[in-house]
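A.B. asks: Here is how the chains run, residue by residue.
There are 2 protein chains.
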Amino acid sequence: MITKINHIAIVIPELEEGMGFWVNALGLNVKKTESVPEQQVDIAFLPVGESNIELLAPTDTESGVAKYLDKRGPGLHHICLEVEDIDTVLDRLKTASVPLIDEEPRDGGHGKKLAFIHPKGTGGVLVELYQLP
Amino acid sequence: MITKINHIAIVIPELEEGMGFWVNALGLNVKKTESVPEQQVDIAFLPVGESNIELLAPTDTESGVAKYLDKRGPGLHHICLEVEDIDTVLDRLKTASVPLIDEEPRDGGHGKKLAFIHPKGTGGVLVELYQLP
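Protein sequence lines, in the order shown, are assigned to chains A and B. If you're matching positions, the first sequence starts at 0 in numbering that gives the first Met the number 0 and goes up one per residue. If you're matching positions, the second sequence starts at 0 in numbering that gives the first Met the number 0 and goes up one per residue.
Think of the hints as simulated: they come from the structure by calculation, not from any bench. Positions of the beta carbon are idealized from the N, C-alpha and C atoms, including for glycine. Just so you know, not all the hints are guaranteed correct.
[To be verified] Simulated coverage check for chain B against chain A, where a stretch passes if three residues somewhere in it have a Cβ under 8 Å from a Cβ of chain A:
1) 2-8
2) 27-34
3) 38-44
4) 55-63
5) 99-107
6) 122-129
[Unchecked claim] Over the 10 Å line for every Cβ pair with chain A, so calculated as not near, a few chain B residues:
7) Lys66
8) Arg71
9) Glu81
10) Gly110
11) Lys111
12) Leu113
13) Pro132
[Claimed, not checked] Straight line, CA to CA, 25 Å or less: simulated DSS-like cross-link-like pairs of lysine-lysine:
14) B:Lys70 with A:Lys3
15) B:Lys70 with A:Lys119
16) B:Lys3 with B:Lys70
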């Protein structure tokens with residue numbers, strides 16, 4: 000049902016400076032960076048094996064990521080698991096009464112479907128699910 | 000230099016109950032569970048692709064993991080990256096003035112070498128390095 004870890008997301012205050020450790024000190028490569036204005040974040044993707052480190056930096060002070068950074072400080076934010084069939088997984092989670100942020104999959108663009116599981120249901124971890132095309 | 004994510008460690012109050020979401024709701028398998036008395040934790044390993052979810056539950060109230068749980072609540076604790084040559088990586092980190100918890104690799108048993116990088120040096124993330132035999 001779950002095939003791999005797609006990414007581990009880490010919140011940092013600013014993308015260029017925050018990439019320093021991962022790229023310059025640790026030697027990871029940056030696959031791409033992008034701005035996501037609708038979520039008020041800049042993102043960098045750094046492949047590690049079959050997974051990615053995803054660095055998230057808020058571009059305003061009001062977004063969810065900005066508030067998380069303000070409250071918790073920089074650090075691990077969420078993990079994303081790839082699934083074969085996101086509808087089946089969400090049905091299974093609903094049957095188990097796991098609280099979901101997204102009851103139905105969201106369109107992630109380019110054929111990707113995604114949904115977030117509420118940390119209340121996982122033991123404190125924000126978990127994202129991806130079904131890739 | 001970095002080959003893959005070995006595991007993502009998640010702190011939970013109690014192992015059996017905390018495994019419920021990951022095993023019963025999400026359908027992951029438990030590869031093994033073990034008690035590590037010298038660190039006062041119980042651990043469960045749940046494979047996901049080439050990586051693992053590692054669930055950590057403190058067995059006392061004074062260990063590092065217990066204090067983390069008390070201060071931050073349950074959730075993501077650290078990530079562990081596999082490296083080919085841990086001495087080379089640590090030398091590179093020292094050259095970059097990254098603060099380390101372990102200046103030299105620790106013996107992890109069965110030929111494994113490990114070291115922790117201080118969150119101050121990574122932008123808030125506790126990072127473990129593994130060199131496997």
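A.B. asks: Are there hints from earlier that the structure breaks, and if so, what are their numbers?
C.D. replies: 2, 3, 4, 5, 8, 9, 14 and 16
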